[in-house]
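Residue numbers (the UniProt record's numbering), protein chains in the order written: chain E, 1 to 536; chain H, 1 to 536.
Among these hints, one or two may not hold up.
Each pair may be met inside one copy or between any two copies, as identical chains are not told apart.
To be verified - Below, a list of computed lysine-lysine pairs in the DSSO-like style, where the Cα atoms sit at most 27 Å apart:
#	residue 1	residue 2
1	Lys-51	Lys-66
2	Lys-468	Lys-51
3	Lys-51	Lys-481
4	Lys-364	Lys-423
5	Lys-423	Lys-66
6	Lys-66	Lys-364
7	Lys-364	Lys-481
8	Lys-481	Lys-468
9	Lys-468	Lys-423
Please keep in mind that the hints were generated in silico from the structure rather than gathered at the bench.
This structure is a prediction, so every number in the text was calculated from the model and none was measured.
There are 2 protein chains.
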Amino acid sequence: MEFHVYDTTLRDGAQQEGLNLSVADKLTIARHLDGLGVGFIEGGWPGANPKDTEFFRRAVDELDLKHARLAAFGSTRRAGVRAADDPQVAALRDSGASVVTLVAKSHDRHVELALRTTLEENLAMIRDTVSHLREEGQQVFLDAEHFFDGYRANRDYAMEVLRTAYEAGAEVVALCDTNGGMLPSWVADVVHDVREHTQGAVGIHCHNDTGCAVANSLAAVDAGAMHVQGCINGYGERTGNADLVSVVANLQLKLGREVLPTGLLGEATRVAHAVAEVTNVPPAGRQPYVGASAFTHKAGLHASAIKVDPNLYQHMDPAGVGNDMRLLVSDMAGRASIELKGRELGYDLSDDRDLVTRVTDRVKALEEQGYTFEAADASFELLLIEEVEGVRPSFFDVESWRVISEARGGGQGAASATEAIVKIHADGVRHVETGEGNGPVNALDQALRAAITRAFPVVADFDLIDFKVRIFDQGHGTDAKTRVLIETSDGTTSWTTVGVGSNVIEASWEALVDGLTFGLRRHVGETTSRTAAVVE
Amino acid sequence: MEFHVYDTTLRDGAQQEGLNLSVADKLTIARHLDGLGVGFIEGGWPGANPKDTEFFRRAVDELDLKHARLAAFGSTRRAGVRAADDPQVAALRDSGASVVTLVAKSHDRHVELALRTTLEENLAMIRDTVSHLREEGQQVFLDAEHFFDGYRANRDYAMEVLRTAYEAGAEVVALCDTNGGMLPSWVADVVHDVREHTQGAVGIHCHNDTGCAVANSLAAVDAGAMHVQGCINGYGERTGNADLVSVVANLQLKLGREVLPTGLLGEATRVAHAVAEVTNVPPAGRQPYVGASAFTHKAGLHASAIKVDPNLYQHMDPAGVGNDMRLLVSDMAGRASIELKGRELGYDLSDDRDLVTRVTDRVKALEEQGYTFEAADASFELLLIEEVEGVRPSFFDVESWRVISEARGGGQGAASATEAIVKIHADGVRHVETGEGNGPVNALDQALRAAITRAFPVVADFDLIDFKVRIFDQGHGTDAKTRVLIETSDGTTSWTTVGVGSNVIEASWEALVDGLTFGLRRHVGETTSRTAAVVE
Numbered sequence: 001m002e003f004h005v006y007d008t009t010l011r012d013g014a015q016q017e018g019l020n021l022s023v024a025d026k027l028t029i030a031r032h033l034d035g036l037g038v039g040f041i042e043g044g045w046p047g048a049n050p051k052d053t054e055f056f057r058r059a060v061d062e063l064d065l066k067h068a069r070l071a072a073f074g075s076t077r078r079a080g081v082r083a084a085d086d087p088q089v090a091a092l093r094d095s096g097a098s099v100v101t102l103v104a105k106s107h108d109r110h111v112e113l114a115l116r117t118t119l120e121e122n123l124a125m126i127r128d129t130v131s132h133l134r135e136e137g138q139q140v141f142l143d144a145e146h147f148f149d150g151y152r153a154n155r156d157y158a159m160e161v162l163r164t165a166y167e168a169g170a171e172v173v174a175l176c177d178t179n180g181g182m183l184p185s186w187v188a189d190v191v192h193d194v195r196e197h198t199q200g201a202v203g204i205h206c207h208n209d210t211g212c213a214v215a216n217s218l219a220a221v222d223a224g225a226m227h228v229q230g231c232i233n234g235y236g237e238r239t240g241n242a243d244l245v246s247v248v249a250n251l252q253l254k255l256g257r258e259v260l261p262t263g264l265l266g267e268a269t270r271v272a273h274a275v276a277e278v279t280n281v282p283p284a285g286r287q288p289y290v291g292a293s294a295f296t297h298k299a300g301l302h303a304s305a306i307k308v309d310p311n312l313y314q315h316m317d318p319a320g321v322g323n324d325m326r327l328l329v330s331d332m333a334g335r336a337s338i339e340l341k342g343r344e345l346g347y348d349l350s351d352d353r354d355l356v357t358r359v360t361d362r363v364k365a366l367e368e369q370g371y372t373f374e375a376a377d378a379s380f381e382l383l384l385i386e387e388v389e390g391v392r393p394s395f396f397d398v399e400s401w402r403v404i405s406e407a408r409g410g411g412q413g414a415a416s417a418t419e420a421i422v423k424i425h426a427d428g429v430r431h432v433e434t435g436e437g438n439g440p441v442n443a444l445d446q447a448l449r450a451a452i453t454r455a456f457p458v459v460a461d462f463d464l465i466d467f468k469v470r471i472f473d474q475g476h477g478t479d480a481k482t483r484v485l486i487e488t489s490d491g492t493t494s495w496t497t498v499g500v501g502s503n504v505i506e507a508s509w510e511a512l513v514d515g516l517t518f519g520l521r522r523h524v525g526e527t528t529s530r531t532a533a534v535v536e
Numbered sequence: 001m002e003f004h005v006y007d008t009t010l011r012d013g014a015q016q017e018g019l020n021l022s023v024a025d026k027l028t029i030a031r032h033l034d035g036l037g038v039g040f041i042e043g044g045w046p047g048a049n050p051k052d053t054e055f056f057r058r059a060v061d062e063l064d065l066k067h068a069r070l071a072a073f074g075s076t077r078r079a080g081v082r083a084a085d086d087p088q089v090a091a092l093r094d095s096g097a098s099v100v101t102l103v104a105k106s107h108d109r110h111v112e113l114a115l116r117t118t119l120e121e122n123l124a125m126i127r128d129t130v131s132h133l134r135e136e137g138q139q140v141f142l143d144a145e146h147f148f149d150g151y152r153a154n155r156d157y158a159m160e161v162l163r164t165a166y167e168a169g170a171e172v173v174a175l176c177d178t179n180g181g182m183l184p185s186w187v188a189d190v191v192h193d194v195r196e197h198t199q200g201a202v203g204i205h206c207h208n209d210t211g212c213a214v215a216n217s218l219a220a221v222d223a224g225a226m227h228v229q230g231c232i233n234g235y236g237e238r239t240g241n242a243d244l245v246s247v248v249a250n251l252q253l254k255l256g257r258e259v260l261p262t263g264l265l266g267e268a269t270r271v272a273h274a275v276a277e278v279t280n281v282p283p284a285g286r287q288p289y290v291g292a293s294a295f296t297h298k299a300g301l302h303a304s305a306i307k308v309d310p311n312l313y314q315h316m317d318p319a320g321v322g323n324d325m326r327l328l329v330s331d332m333a334g335r336a337s338i339e340l341k342g343r344e345l346g347y348d349l350s351d352d353r354d355l356v357t358r359v360t361d362r363v364k365a366l367e368e369q370g371y372t373f374e375a376a377d378a379s380f381e382l383l384l385i386e387e388v389e390g391v392r393p394s395f396f397d398v399e400s401w402r403v404i405s406e407a408r409g410g411g412q413g414a415a416s417a418t419e420a421i422v423k424i425h426a427d428g429v430r431h432v433e434t435g436e437g438n439g440p441v442n443a444l445d446q447a448l449r450a451a452i453t454r455a456f457p458v459v460a461d462f463d464l465i466d467f468k469v470r471i472f473d474q475g476h477g478t479d480a481k482t483r484v485l486i487e488t489s490d491g492t493t494s495w496t497t498v499g500v501g502s503n504v505i506e507a508s509w510e511a512l513v514d515g516l517t518f519g520l521r522r523h524v525g526e527t528t529s530r531t532a533a534v535v536e
């Protein structure tokens, strides 16, 4: 049998705290997963949940999957009814998915306490449901829930569950560490025992409660499992499911097993981040392989060695998973990083020791105040230009700004409005503009861009595409500070700027001004001569 | 030898992207780590970095460690000088720490390309520095950097590094997977080989680049390592170091090895979160053992089983690591969770099916709009009370509010100010108050509390202690929305409320009003009779 990469983001992953997917979200994620080349996408539980029923209905029409096949998840028939008479089973049969993954109890205590039926009836439920679906032409996988705990409590019964499923026609039985308490050596021992005493393909489904979900999955594959379940970005209830990208990357890049179609692992970073956009769960920077920090270097020690050979300090070429090496500007990094960063931005600083010192000192001083240049490349570049050219790029002077936000009444019926007034001088002309917006930053952005567009029409093409607020306490009795990161786009590329202040609006203003200044320097500098006069 | 739990949060952990620790931060974290009972706290690199030098100077006076001993980290002597003449080595010797951990190259290529010296000189640097420090009365550990990669490239040389260190008097040599590319079975094989061919205690230092840092650490301990390094919360460069709490919890709770002083593992959740407060890196909800979600249940399937027996769905008693089981109110959870949550809050809903349906429906509808009740218990409780009692608790009516934020001038010299005007009616009296603050939310909070305090003096004791902003895009072309979570304290307990809107100020206002209302219901309801009149 071919190895199965089985994604359960849309079902088990969706049980993560804070995650809430619409049908449209699920369809989008399914397309991304297909782009990564997974073999199976578990879409949800049709019949149990109207959203999931609709997902399968729409998926059949709207998804044009190139690599993946859809799996419908659901439980074995209820106790005491025929499988053919159970509407739940019918919903699985009729979902349009090409595989049905049945979840079945394999831990004796769960059968008795949670399912409230007899051990014998549970086996009959498995036998009947698998056989019925097979007779109806379905391919059937079985998730043996709580298998590892069940195996410890009553090995004979847990094994009997597997045999029953295989005999009834289940193509794969996935052993589930549902409560996530296993360690790799334990998983390996159990999978070996299962392989020795049953006949059929074994799958593995791990949770990360011991921090070992990836290693547990690999241990199972090493012991002969041919089907591995997981979720993109390690989503899932409690500590999450096994991170499918880490499992697959380890299998391919570390163990030489090609489990995805050729070349598609290089999509991993893009897909992981695109899915995070949909789920709106901020991606974990430290995530193995695909995290923004996964190939990022900060320590000065490392940065100087990286100047010699990047491979000295990375375990693989980040391009293999579509990621990049990054160097951070930080007070720990020291001069070597500033030099490298300058080179990345097109400035050779190696001959000017004083300049590097000045830049390093300013970065340190600003980081003390709460600024961060790790994410705000454009703000760092403005600072660098200021030190290189002796003057900060500037296309307009600010006279004043004001934001008024107000509401009448309380509760749901309250009527609110926000407006901003911005007064600036550009090219010798005073511009006063008012902006209305959903919130203070939106209103300020509207007003500021309206004012600047008069002098620099290119600004009309700029767009504020992301806005992040971080409130942090200095932790030593001083007031809380706000850091704002703003991403501005010109339609083709985007850049990020930072602002810091005790006021979210003030911090946003700083980042907005820098965002427009950076864009103007890039665009106006390239296309008209007017810039030169302004900049110089 | 006794097993070493060796924390390197203050040194290797501090290399994480976005993490920036002051000396005061480091001292605070050291106290927390001592409270967890770790054996060693690596404080930094005295002599290389003024902050770290100051840390050791102050640590000797200010830290009163009960369990941990301080380790000073630094490199072997420079090539071509005597160890006794190297000021770097002197700084290590004189730091006041009770252990020196020397980092040494063990990968031949790194010696030649990064260190730019000969393989022989590198061995001499190790021999001399260890011997010198031993002669000066120091206990010495050695970190064999890039050991696993070095072992693969040139096993003989890597082994020679270990032998040299042991012979010179290093008590432990920690094998470092510096680039983090190892898998558990590989680590086990190498540690076995090292134990067979060298004489001395072996330590392990893992990074999480394959998602296996915890499993790799356990594999090394299983193969005989007696010293394990890691960082609290898995901090560290790139994907982070091994999460020390996960490693220790697995050793103690899963493998029965008592590596911390009795009872202190129960401090793990508190310590992990307290350190996250200091580092200001938001704690990962999914973190094994100590994450806010680690014992949190959302799925309706699970919630109904949990009503029967909580241990059916958790791999251990969360109290063992000082964590708690939580149930989430969510549209996936369904009725069973709402019932359980009600019970947690002191309402028996089991007899009123209609009520449960109404609450479930409202939660679903509000979650669609972007609200989340998973973190905002107080907002959920207000909603529940509203459905139980038929009317939402309210102690005042809002007439209007207005916020004005303005600045004159641009750049660093800009002068800005924010004020808020709030008009409310409480107890039949109209109150108009102005608040000034650092930012719009602060100003609104000042004005609102000033107005309410007139009617309810207890509000003077309330404090806004945390304020989180999340901007999320519905992802389907609609405008971005803002969700605000506000934590209010009465000095003894705290509670969290949620507000949602397209405007950060509007969303904050909603959460502020709910936060004060919740506190008033708790306090005024208990202490005066005036409330009753207002609530009814």
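A quick look at each hint next to the structure:
{"no.": "1", "hint": "Lys-51 / Lys-66", "verdict": "within (24 Å within a copy, 55 Å between copies)"}
{"no.": "2", "hint": "Lys-468 / Lys-51", "verdict": "neither (30 Å within a copy, 30 Å between copies)"}
{"no.": "3", "hint": "Lys-51 / Lys-481", "verdict": "between (41 Å within a copy, 23 Å between copies)"}
{"no.": "4", "hint": "Lys-364 / Lys-423", "verdict": "neither (32 Å within a copy, 44 Å between copies)"}
{"no.": "5", "hint": "Lys-423 / Lys-66", "verdict": "neither (54 Å within a copy, 60 Å between copies)"}
{"no.": "6", "hint": "Lys-66 / Lys-364", "verdict": "neither (50 Å within a copy, 34 Å between copies)"}
{"no.": "7", "hint": "Lys-364 / Lys-481", "verdict": "within (17 Å within a copy, 34 Å between copies)"}
{"no.": "8", "hint": "Lys-481 / Lys-468", "verdict": "both (14 Å within a copy, 12 Å between copies)"}
{"no.": "9", "hint": "Lys-468 / Lys-423", "verdict": "within (25 Å within a copy, 31 Å between copies)"}
Violated hints, listed in ascending order, are 2, 4, 5 and 6; each of the other numbered hints is respected by the structure.
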